[in-house]
Structures are given as structure tokens and as C-alpha cells.
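Student: Taken in order, these protein sequences are the chains called A and B. Okay, so the first sequence: first residue is 1 according to the numbering used here, each after it adds one. Okay, so the second sequence: first residue is 1 according to the numbering used here, each after it adds one.
Think of the hints as simulated: they come from the structure by calculation, not from any bench. Keep in mind that this is a model prediction, so the values were computed, not measured. It cannot be assumed that every hint is accurate.
As a list, the in silico SDA-like pairs of lysine to any residue whose alpha-carbon atoms are at most 25 Å apart [to be verified]:
1) K111(B) / A83(A)
2) K111(B) / A19(A)
3) K48(A) / Y43(B)
4) K58(A) / A83(A)
5) K48(A) / S188(A)
6) K92(B) / F221(B)
Number of protein chains: 2
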Amino acid sequence: MIPPDHPRYRSLVARERLAQYAASGIVTLEGLTAHGRGEAFDYLIGEKTTISALQAEKTAAALLLSAERPLISVNGNTAALAADLLAPLQEKSGARVEVNLFHRSEERIRKIGSLLADAGVRVEEGVAERLLPLSHDRALCLRHGIYAADVVLVPLEDGDRCAALRAMGKTIIAIDLNPLSRTARTASLTIVDELTRALPHITDFCTTLSRDEAGRLAASFDNRWFLSQALEEIQERLSHALD
Amino acid sequence: MIPPDHPRYRSLVARERLAQYAASGIVTLEGLTAHGRGEAFDYLIGEKTTISALQAEKTAAALLLSAERPLISVNGNTAALAADLLAPLQEKSGARVEVNLFHRSEERIRKIGSLLADAGVRVEEGVAERLLPLSHDRALCLRHGIYAADVVLVPLEDGDRCAALRAMGKTIIAIDLNPLSRTARTASLTIVDELTRALPHITDFCTTLSRDEAGRLAASFDNRWFLSQALEEIQERLSHALD
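Here chain A stands alone, though its shape is the one from the complex (with noise of 0.2 Å):
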């Protein structure tokens, strides 16, 4: 029991929220400290979306909406946040939709794969197999999903599965808080935001660009540029911070 008078009241019950989808299984306790490495540099950036955080999502929008065979590659924690809004975002874009996982269980992937599909996301199903260049089972994943696709959007990723994702060819769009982990300097495209803040603004833009504009927009960005410009919102916050 969280007293409500004290002053960081919504962020506790936020955090015992997913303290409860750990307690079910979805989230891992590993899932629980990476959500308060998030929490750490969503406090730095000032808990809203940046405009150039904006702009990345206007950019995987287009990219989405580009792309071949688009993909989300889910895992427990984006799950437990946001699966209400992967439905519509999955609407929009025409994404595919895996469950893949660090902590890779057949019994997780299947209680993540009904939280979604009873949230209305379409599952990709089918027998896993091991086709990314990572060791064990970090290599599974699905024929006709990650391996096939073109674009995939890896929110709350870890570095070296995006890194091999990368290594095989494909257009990666993180969502990641840290604007200096692995995952965003070796993605192709970064949102340093916010999970549940980020993926409604990209299904938005799913609907409101047009084709000409998400082609140009998809052929030339520069994720150094996304990068440098969330350091730049943290160390603006920073210098203030005392004052």
C-alpha cells in the first residue's frame, strides 16, 4: 500500500503495476531494473516527448509505412505497458507482430501471446527457430516474422540482438530512453522516449502521412543527429537542475 500523499505517488503505482505482471510471469525481475534504468533517464529528458524525439517517431512512421515486410518484435515489458496500444499501431503500419524474448520461455511467449491477442494484436504463430547470429536460444525466432522482414520496430531491445538484427541486413527502429546504450547507437533509427508516450504518436503518423512524404522521409535521416539532440535536452536539463 502506497500512501497517496506521498509525492511521487503515480510513479510507485506505476512501478507496483508492473511489480504485479512480474508476480504473473509476463515481466522478468531482470525487466523490473530495466524499467528503472527508463524511469532514470525519463526523469533527464523531463518525462515528455522531445521535438526531436517527435520527429524520430514522424521518421518510423515512415519507415513503417516503407517498408516490404514490417515487423514489432515484442517482448515482456512492452507488453505489460502497452498492449492496448499495439493494436491500432499494428492497424496502421500493417506490421506483423512476434513475441520475442530475452528470457525466452515457450510458457512466457504463450502468456504474452494471449495479454496481446486479448488486447486485439494478430500474433505471428509458428515453430521458432534458430536463425539470428546470437548464442542458444537468443538465436530464435520465426521464418516468416523477424527473419523475413524488412523493418523491425524493437522497442526496449538489448543491444546485441539489435546489433545482429542489424548485421543481417535489416532497418532497425529502437525505442529506447538511453540515448548512449548499445541498442540506440546501433539501431538504424532511435525514439529516446518514452514506450507509451511513443507508439501512439507513430500510429498517428501512420494515418496522416502521406506515401511520397513517408518515402522521402524513410531515404534520409541521420541518427547521430536524433542522438546528439537528446543529449542535448538532458544536459540543458542538467545545467538548470539546482537552480
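Take the given structure of chain A and dock chain B to it, following the hints.
Tutor: Using the frame of chain A, we list chain B on its own:
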């Protein structure tokens, strides 16, 4: 099973260890998220003890040595991460140790007390009373413990308990990796360093500081300076981050 070829192997193993303590009830699920926030800020200060943090650790030793009734308030994360480091600090500083929890239950108090006792810490016992200016069970502490202490070291404390203890006229030493947190700003002295790096330094200074030197240091220090130094450290790192 984390593959040893994962580039963040060490950090992931540490996180997994904390997750094990969560399974045994010592660490709460919310505590894992809090640990993640700490990891993010530790990354930003370079995962090392900065020069100003070492000065803060020396000042903390001075405050403990100059106190009438020094006390260390221990929560679940602190016990899980640093039980072995608390026994020598208690011995050298002469501080009492009290278990005080945000998510308080008698069972957790008992488990954490056992973990500390096994590590050689003498833990204060007794019946907790509602003596702190906080709502519900968060007001609970021991009359001969936190309530009677003049200097309290509170590693990984939450902001409003820190404020409550300050309002009671106590000198509060916080260990907090976020130099902008309410705890960091509210404490009398904030050590912006990772817990298991900070505690041994404080212990060492407790043995090397003379009583005179301790008295001088304890009489005049500026917490704002320590916080601004930590912020400068982060900004310096961020400004070269994409080089």
C-alpha cells in the same frame, strides 16, 4: 542463463543476484526498479567513485565519528547488496543499525535482520512505535534507535522519509546515485556513489580520521557543492559521449 558472450555480462549477473533476493523476499519488486534507476545514474557518473564523492565519504565518516548516537538505517536493497560491508562500518563508526523498510512487514524485518546478523552486524531489536512524522506504518521506528539518533546514515532512502528525519532535527547522510532526487536535495550530506563502493570508503575514513579532523570536517560542509560536482561530472561525460 545469461550467455557469457553478452557484452553486459557482469551487470546482468549482478542484476540476476538481486532478483534472487527478490525471490526470497529480502528485496521488493519495487526495489528492483529502484536499483535500475541507480544503475542508470551510476553509468552517467562513470561507474567510479568521483573525487567529490570520496570527499563526501570522508565527511560522512567525520559526521558519524562526531555524533552522540550515530545510526545506520538499513532497507532491503542495502541488506542484499552490502550486508558484508555493514559489519566493519558498524565496528569502526560505533553506529547502531536498525532495519527500516518502505514496504514494511514483520516478516521482511525478520528476514533482513537475520541476513545482517549472519554477516556479523548487531541489529537493534524492540517494538517499533509510530514516532516519525509520516502516515501509516511508515511512521514506525525504534525509540532507542532512529528516534534517539542524532546522525543517521540512510543508504538508498526514499525522499519523504529523508525529509521527515530532517524535520526532526537529525543530521541525515544519504547515499544516492541521483544527485537530483528529493533525497539527495533534502539530506544534510549526500554521497553520490554506488553503495558497495561508498561503504568501504566510509569505513576506511572512520579508522584514519583523527577526532580533531573529524570535528572540523563535520562542522562545515556544503551539500550543494557535492551535488553540483556530481552534476558537472555527468555533464562532462555527456559532452563527450558521442565522440
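Student: Look at each hint and say if it fits the structure.
Tutor: To see whether the hints hold, each was checked on the structure:
Note on K111(B) and A83(A): the hinted pairing is violated, with a Cα-Cα distance of about 37 Å set against a maximum of 25 Å. Taken as a hint, the K111(B) and A19(A) pair is honoured in the structure, with Cα atoms around 21 Å apart against an allowance of 25 Å. Among the hinted pairs, K48(A) with Y43(B) is consistent with the structure: their alpha-carbon atoms are about 22 Å apart, no more than 25 Å. Proposed proximity of K58(A) and A83(A) is supported: the alpha carbons are some 21 Å apart, at most 25 Å.
Proposed proximity of K48(A) and S188(A) is supported: the alpha carbons are some 23 Å apart, at most 25 Å. At roughly 22 Å between alpha-carbon atoms, K92(B) and F221(B) fall within 25 Å of each other, so this suggested pair holds.
Hint compliance for this structure: hint 1 is the single one not met.
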